[in-house]
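*Asks:* Sequences are here, hints too, so could you generate the full structure?
Position one of the sequence shown corresponds to residue 2 (the working numbering), numbered consecutively onward.
A hint or two may mislead.
Derived pair list, reagent style SDA-like, types lysine to any residue, alpha-carbon separation capped at 20 angstroms [to be verified]:
no.	residue 1	residue 2
1	Lys68	Gln6
2	Lys20	Gly67
3	Lys32	Gly93
4	Lys32	Val43
5	Lys68	Ala33
6	Lys32	Ala56
7	Lys20	Ala82
8	Lys32	Thr78
9	Lys32	Gly83
10	Lys32	Ser46
11	Lys68	Gln26
12	Lys68	Val14
13	Lys20	Asn62
14	Lys68	Gly79
15	Lys32	Thr61
16	Lys68	Ser42
17	Lys32	Arg91
18	Lys32	Lys68
19	Lys20	Val53
20	Lys20	Thr78
21	Lys32	Ile48
22	Lys20	Gln77
23	Lys20	Gly83
24	Lys32	Ala94
25	Lys20	Arg10
26	Lys20	Ala56
27	Lys68	Arg38
28	Lys32	Gly67
29	Lys20	Gly79
30	Lys32	Ala92
31	Lys32	Gly45
32	Lys20	Asp9
33	Lys32	Ala3
34	Lys32	Glu18
35	Lys20	Gln37
To be clear, the hints were calculated from the coordinates, so they are not data collected in a lab.
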Amino acid sequence: MAPAQAVDRLVDVFPAEEKQLVRTQLAGSLKAVIAQRLVPSVAGSRIGLFEVLIATPGITNLIREGKMHQIPALLQTGAQAGMQTFEQSRAGASGCRTD
Numbered sequence: 002m003a004p005a006q007a008v009d010r011l012v013d014v015f016p017a018e019e020k021q022l023v024r025t026q027l028a029g030s031l032k033a034v035i036a037q038r039l040v041p042s043v044a045g046s047r048i049g050l051f052e053v054l055i056a057t058p059g060i061t062n063l064i065r066e067g068k069m070h071q072i073p074a075l076l077q078t079g080a081q082a083g084m085q086t087f088e089q090s091r092a093g094a095s096g097c098r099t100d
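*Replies:* Following this line, the structure appears as structure tokens:
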């Protein structure tokens, strides 16, 4: 599960009338979300790939406004803030199978 999906699922646990409050509280307290996928390596073991979402002002604003679908676009361009997609993690991993 990607970090944006995790945030969305967390908010969805709450009743509709509480979701805006939860998004506001989450946006104010969230620092980062890290997701991990284990993928096969060429050696037959597994390698961890990581997606890192940092709570920049842009990300927290999207969370507050409920615009989770726009988070992946900021995630892809957020390397300077320390963000990374699974694809970027895979590109930097050595020994990762590509099939």
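*Asks:* Hint by hint, where does the structure go against what was stated? Just the numbers, ascending.
*Replies:* 3, 4, 7, 10, 16, 17, 19, 20, 21, 22, 23, 24, 27, 29, 30, 31, 34 and 35
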